[in-house]
Amino acid sequence: MKYLLATVAMVALLAAGTAYFGYRMTCNPALHAAVANGDTMEWLRTDFHLTKAQLSDIRQLHASYAGTCGEHCRMIQQETLSRNALVAAGGSRAAIDAANVEIQRMRKVCEGAIEAHVRRVAALMSSEDGRRYLALVLPRIANFDHMAAPDLRLNKSS
Amino acid sequence: MGALLHLRVVGIPPYTAAAEITQTFFVGRILRDFPVGRVYYQYCSMNASHDSLSEGLRGWRVTPPADPDFRHRVWQRIGKRAGSTWTAYLRAHATAWSLASIIVLGAAAYSGSALARSQTQADREAIVATYLVDLDPQIQAGLKP
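As given, the protein sequences belong to chains A and B, one line each in that order.
Here the first sequence is numbered in our numbering, starting from 1 and rising by one per residue.
Here the second sequence is numbered in our numbering, starting from 1 and rising by one per residue.
Hints are computed from structural coordinates only; laboratory data are not their basis.
Source: prediction; values computed, not measured.
Be aware that a few hints might be false.
[Stated by the list, open to error] A few chain A residues facing chain B, derived, Cβ under 8 Å:
(1) G22
(2) H32
(3) V35
(4) T40
(5) R140
Note that CB positions come from ideal geometry on N, CA and C, so glycine has one too.
Produce the complete structure using the sequences and hints provided.
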């Protein structure tokens, strides 16, 4: 009986070691560290195998896009506030519908601009990494919302 | 010459192999101080008349009674010995434990790997969200009109 228990303990110990080994071999500590630090550039660098030159180009691309994005979002937010004011003031149905159409158009413009931007970013990566990057990012762009103005930490501004 | 020098006393009752050897050796010990006698002494020492002993052994027959429980007791002893040390226990159950180990270790490796993949996936989801917020600070989920 004691040998049975000893063997069970030995197999359990080996199993624990094997599980840990399997975990260590599969996990991505660099990605985990990037997530823990909220460092998106580090994530891009490690997850998409970027060289220093590629990372630098992507940084520049992001910096240049920030202004465009800010302008789009400002316009969407302004148009939304106008529409809301119109609704609150009991404006005509036609005017409210026109405001909604304009908001939708601006949203499309914004989303189109973001999509074009991420495609430019993907073009700076290797073809395989670029495909993977687009597969991760593009589906989420379709879910963008521009109704609120959160800060960088996703806290809604009042 | 052999017959001449062979001074064994044969036929003195009671005749035994031990007595024959003793008598031969007694004479031999006297003669061993002479060159020819030394050869004879050594000859006799090697062939110290085991004839009767050999004959006795040749005629010896052992007929033990059959033990019907013999085989069972042998296996019982083997079984006891198999569990006497951990190595012996493992050797006795090698097939079962090998199979169990392969299954358990395989499952453990897969589980560890699956846990890591799941964690990596969760990490990636989280960092993509952060990345898109960085890209477009106006993103706010769940507030579509």
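Output the indices of the hints that this structure fails to meet, ascending. Of the numbered hints given earlier, the structure breaks none, since each of them holds.
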